[in-house]
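Just so you know, the protein sequences line up as chains A and B, in that order. Sequential numbering from 64 applies to the first sequence in the working numbering. Sequential numbering from 64 applies to the second sequence in the working numbering.
Be aware that a few hints might be false.
Treat identical chains as interchangeable: a pair holds within one or across any two.
As the list claims (entries may be wrong) - Subject to a maximum C-alpha distance of 25 Å in a straight line, what follows is the list of computed PhoX-like cross-link-like pairs (lysine-lysine):
| no. | residue 1 | residue 2 |
| --- | --- | --- |
| 1 | K83 | K159 |
| 2 | K159 | K475 |
| 3 | K320 | K263 |
| 4 | K123 | K193 |
| 5 | K194 | K144 |
| 6 | K373 | K123 |
| 7 | K73 | K144 |
| 8 | K73 | K83 |
| 9 | K373 | K515 |
| 10 | K159 | K194 |
In case anyone wonders, no lab produced these hints; they're calculated from the structure.
Here is how the chains run, residue by residue.
Number of protein chains: 2
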Amino acid sequence: MAEERTIPYKIYLSEDEIPKQWYNVRADMKNKPAPLLNPGTGEPMSYEDLRPVFCDELIKQELDNDTAYIDIPEEVQNFYKMYRPSPLVRAYCLEKALDTPAKIYYKFEGNNTSGSHKLNSSIVQAYYAKKQGLKGVTTETGAGQWGTALSMACAYFDLDCKVYMVKVSYEQKPFRREVMRTYGASVVPSPSMDTAIGRKINADHPGTTGSLGCAISEAVEVATTNEGYRYVLGSVLNQVLLHQSVIGLEAKAALDKYGVKPDIVIGCAGGGSNLGGLISPFMGEKLRGENDYRIIAVEPASCPSFTRGKFAYDFCDTGMVCPLAKMYTLGSNFIPSANHAGGLRYHGMSPVLSQLYHDGYMEAISLEQTSVFEAATQFARVEGILPAPESSHAIRAAIDEALKCKETGEEKTILFGLTGTGYFDLVAYEKFNNGEMTDFIPSDADLEESFKTLPQING
Amino acid sequence: MAEERTIPYKIYLSEDEIPKQWYNVRADMKNKPAPLLNPGTGEPMSYEDLRPVFCDELIKQELDNDTAYIDIPEEVQNFYKMYRPSPLVRAYCLEKALDTPAKIYYKFEGNNTSGSHKLNSSIVQAYYAKKQGLKGVTTETGAGQWGTALSMACAYFDLDCKVYMVKVSYEQKPFRREVMRTYGASVVPSPSMDTAIGRKINADHPGTTGSLGCAISEAVEVATTNEGYRYVLGSVLNQVLLHQSVIGLEAKAALDKYGVKPDIVIGCAGGGSNLGGLISPFMGEKLRGENDYRIIAVEPASCPSFTRGKFAYDFCDTGMVCPLAKMYTLGSNFIPSANHAGGLRYHGMSPVLSQLYHDGYMEAISLEQTSVFEAATQFARVEGILPAPESSHAIRAAIDEALKCKETGEEKTILFGLTGTGYFDLVAYEKFNNGEMTDFIPSDADLEESFKTLPQING
Numbered sequence: 064m065a066e067e068r069t070i071p072y073k074i075y076l077s078e079d080e081i082p083k084q085w086y087n088v089r090a091d092m093k094n095k096p097a098p099l100l101n102p103g104t105g106e107p108m109s110y111e112d113l114r115p116v117f118c119d120e121l122i123k124q125e126l127d128n129d130t131a132y133i134d135i136p137e138e139v140q141n142f143y144k145m146y147r148p149s150p151l152v153r154a155y156c157l158e159k160a161l162d163t164p165a166k167i168y169y170k171f172e173g174n175n176t177s178g179s180h181k182l183n184s185s186i187v188q189a190y191y192a193k194k195q196g197l198k199g200v201t202t203e204t205g206a207g208q209w210g211t212a213l214s215m216a217c218a219y220f221d222l223d224c225k226v227y228m229v230k231v232s233y234e235q236k237p238f239r240r241e242v243m244r245t246y247g248a249s250v251v252p253s254p255s256m257d258t259a260i261g262r263k264i265n266a267d268h269p270g271t272t273g274s275l276g277c278a279i280s281e282a283v284e285v286a287t288t289n290e291g292y293r294y295v296l297g298s299v300l301n302q303v304l305l306h307q308s309v310i311g312l313e314a315k316a317a318l319d320k321y322g323v324k325p326d327i328v329i330g331c332a333g334g335g336s337n338l339g340g341l342i343s344p345f346m347g348e349k350l351r352g353e354n355d356y357r358i359i360a361v362e363p364a365s366c367p368s369f370t371r372g373k374f375a376y377d378f379c380d381t382g383m384v385c386p387l388a389k390m391y392t393l394g395s396n397f398i399p400s401a402n403h404a405g406g407l408r409y410h411g412m413s414p415v416l417s418q419l420y421h422d423g424y425m426e427a428i429s430l431e432q433t434s435v436f437e438a439a440t441q442f443a444r445v446e447g448i449l450p451a452p453e454s455s456h457a458i459r460a461a462i463d464e465a466l467k468c469k470e471t472g473e474e475k476t477i478l479f480g481l482t483g484t485g486y487f488d489l490v491a492y493e494k495f496n497n498g499e500m501t502d503f504i505p506s507d508a509d510l511e512e513s514f515k516t517l518p519q520i521n522g
Numbered sequence: 064m065a066e067e068r069t070i071p072y073k074i075y076l077s078e079d080e081i082p083k084q085w086y087n088v089r090a091d092m093k094n095k096p097a098p099l100l101n102p103g104t105g106e107p108m109s110y111e112d113l114r115p116v117f118c119d120e121l122i123k124q125e126l127d128n129d130t131a132y133i134d135i136p137e138e139v140q141n142f143y144k145m146y147r148p149s150p151l152v153r154a155y156c157l158e159k160a161l162d163t164p165a166k167i168y169y170k171f172e173g174n175n176t177s178g179s180h181k182l183n184s185s186i187v188q189a190y191y192a193k194k195q196g197l198k199g200v201t202t203e204t205g206a207g208q209w210g211t212a213l214s215m216a217c218a219y220f221d222l223d224c225k226v227y228m229v230k231v232s233y234e235q236k237p238f239r240r241e242v243m244r245t246y247g248a249s250v251v252p253s254p255s256m257d258t259a260i261g262r263k264i265n266a267d268h269p270g271t272t273g274s275l276g277c278a279i280s281e282a283v284e285v286a287t288t289n290e291g292y293r294y295v296l297g298s299v300l301n302q303v304l305l306h307q308s309v310i311g312l313e314a315k316a317a318l319d320k321y322g323v324k325p326d327i328v329i330g331c332a333g334g335g336s337n338l339g340g341l342i343s344p345f346m347g348e349k350l351r352g353e354n355d356y357r358i359i360a361v362e363p364a365s366c367p368s369f370t371r372g373k374f375a376y377d378f379c380d381t382g383m384v385c386p387l388a389k390m391y392t393l394g395s396n397f398i399p400s401a402n403h404a405g406g407l408r409y410h411g412m413s414p415v416l417s418q419l420y421h422d423g424y425m426e427a428i429s430l431e432q433t434s435v436f437e438a439a440t441q442f443a444r445v446e447g448i449l450p451a452p453e454s455s456h457a458i459r460a461a462i463d464e465a466l467k468c469k470e471t472g473e474e475k476t477i478l479f480g481l482t483g484t485g486y487f488d489l490v491a492y493e494k495f496n497n498g499e500m501t502d503f504i505p506s507d508a509d510l511e512e513s514f515k516t517l518p519q520i521n522g
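So here's chain A without its partners, still in its complex pose:
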């Protein structure tokens, strides 16, 4: 097919083609994501309720279920120009290695110093914080991608940045800490002894290696008890999915240039920021009945919120100080096994994606990490890029779909999100290279125990 041969290895949009508006998929959802609730009263959180925690403009975006397109501020557009548009890559070498008739594309978000797509939202959140005249922001980070992205954004806008880093990552990824420090951030292993909630978690769970849920509690406490600070978050929230829609909008624009329509769209899912961003314009068409796509969320078997969680109101954090969100959740005190090195460690899932999954608009699968690292290594060797463990969940799923095509002879077009690079995940790669990586699947009994912490409000 002549059409095929004209597709380059990498499709770059021009700078002018970077989206000037984000797409808000909530506008096209019949069943809107459930509102955040005040954990004390059980009432929906209003704009005023959220002001002590979040920046004003970001709250508006959080609560806006109706506006389909929201302008990207010019300052953010300019920052985007430093590392966007990101390439949409045709995985010719992977296709050849798999000997598959499938056509595989990936949207690569790792070509920036944060190493992932997280910068797409951190720069927005820092921009609004600066515009509001704040002194700084606090946040949590797991693998460190979000913390690095936020540090970069804060350096650019000259904001103070305090990052609570999940202790296990802080120890496994000392270099991430140095990148953040190079960008001027202060980085604290969580749970720390700096906060009331951190001291409580340390007392209740001596020797804990931490979780995103713990770190969120600490960051929120610091933001709400210090003048001129707000809390920012790199995933889960509606606003973050809005910002990340830039991934999907660019990917779709690049495919449209060559008249390519994906049959399957695959993204890894931790809190949902990348998946939600990547699929947004495709999901929009699906919701509006214009086009159909198979959309697959891929999560680790050791932290399976979609595939084994409950769709219920739950705390976003372990300390139970944050609002309640209705989402697929494993319970707010769920902490993945210490042998889990593959990222995507959050106990819950974006309310937007949770609603879409609940309504049958997407599928979800869970994978064990050794098979994920096998796919990562295969991908690295043929496509050149060393992928992040998180991204490698999507790679594994894409390879598996391409191999099914090999069996059936179907020429399906597969798009997946390559969210980032694994340059700071070499401890995990080393474990895999040494044959020392193991898998872990929580037992039903473990999950039942964990579900007990779901709040009463679910009845």
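Please arrange chain B on chain A, whose structure you already have, making use of the hints.
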């Protein structure tokens, strides 16, 4: 100036515009680089003399001082498409931060997993090794960029890859080792006890942290004593500069698109691979009298081959088993101070660049590493990219030139090579962030001592 505003943040060429031929600057040099000499006989090394060490086709390129343009094999062109063209970036944010009328551009070679420009040559060398039916290749690596690049290339062409890594880097950069292992290479700290020369160096210099010169000796010994193996090198050699001309050709093509002519071209210089590649088409015009450019090589004050070395025949390796090259050199047993963390540790310099410098076609300066890391940090915070220490030498020089323009009001156009990223240099950044980085300048007496090892052939 309206023309100015139309220049995007990043100028990408299309895939079709990736060069299909390398440019060989030697063809335009009146004084050709001096030939490699046999250390035993003092005679120039012939094609046959070099065959036990290098791949046949690469020897032809090494010895070819006349052909101006050499075709890039199609398989290499296809590999280039996976990560090239690399972006030429207009440093708008840096210009703004410096408040300079200068216009700053950088050619960014770090957006691939090797993290540097080294992949441009490793893929070529692996291709010719495979084509010749070899089993594998051996090499040395310092910072690990070259070793990583070669590992990636060997994985792509399914070749065995054995890397001797300078011990100090091996210890400071354990993660580099894991990247290489992920790509299937075996990595040995040098000097090792695996080779005769390694055992001798260890015996003569107990506790040595190694040098590129030592590691080269070991890699050459292994290549020449094992059937089906050859030695490959990531810098210094004429062939490497030829392959790296792709950097300069792309940079010039991108600038030409917008009618921009640089006044100053700046590159960091260790063995000369990046500098030689970046400047090649500009140097060609200068040699042919078509255009003038100020060309500046930047090296570390702790390893100052251009600025304080002798232009003389010297061994390329510490073990004195390699051919002699006429180059600016500090003596083949020169080892930079252990406090030196800024890369660019080689005792000699590309014979091509040495001849051009000797003939007055370029300038050279040396910089101390703390000022280099200051520039790196400033650059990272405004331009987003965390630069490699090596590249940061060029950043420092570019910033200094831009600040001179601020004083004089001149609107000079500065182009520099951003050869790579610093993701694996966080130990050095940590030292800098902690205020523990120190500078080192070898004394004249140290250098006089080191020059004593220069071979007799210099008279």
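Status of each hint after checking the structure:
1. In this assembly of identical chains, K83 and K159 lie within 25 Å of each other by CA distance solely across copies; the values are 23 Å between and 36 Å within a copy.
2. For a Cα distance limit of 25 Å, the shortest separation of K159 from K475 inside one copy, 15 Å, qualifies, whereas the shortest one across copies, 48 Å, does not.
3. For the homomeric pair K320 and K263, neither the shortest alpha-carbon distance inside one copy (55 Å) nor that between copies (61 Å) is at most 25 Å.
4. Taking the closest pair of Cα atoms, K123 and K193 come within 25 Å of each other only inside a single copy of the chain (16 Å); across copies the shortest separation is 59 Å, beyond that limit.
5. Taking CA atoms no more than 25 Å apart as the test, K194 paired with K144 passes inside one copy only; the shortest distance there is 20 Å, against 41 Å between copies.
6. Taking CA atoms no more than 25 Å apart as the test, K373 paired with K123 passes in neither setting, with 28 Å inside one copy and 67 Å between copies.
7. For the homomeric pair K73 and K144, the shortest alpha-carbon distances inside one copy (18 Å) and between copies (8 Å) are both at most 25 Å.
8. Within a single copy, K73 and K83 get their C-alpha atoms as close as 22 Å, and across copies as close as 17 Å, so both meet the 25 Å cut-off.
9. Only within a single protomer do K373 and K515 lie at most 25 Å apart by alpha-carbon distance; the minimum there is 11 Å, versus 76 Å between protomers.
10. Taking the closest pair of Cα atoms, K159 and K194 come within 25 Å of each other only across two copies (20 Å); inside a single copy the shortest separation is 49 Å, beyond that limit.
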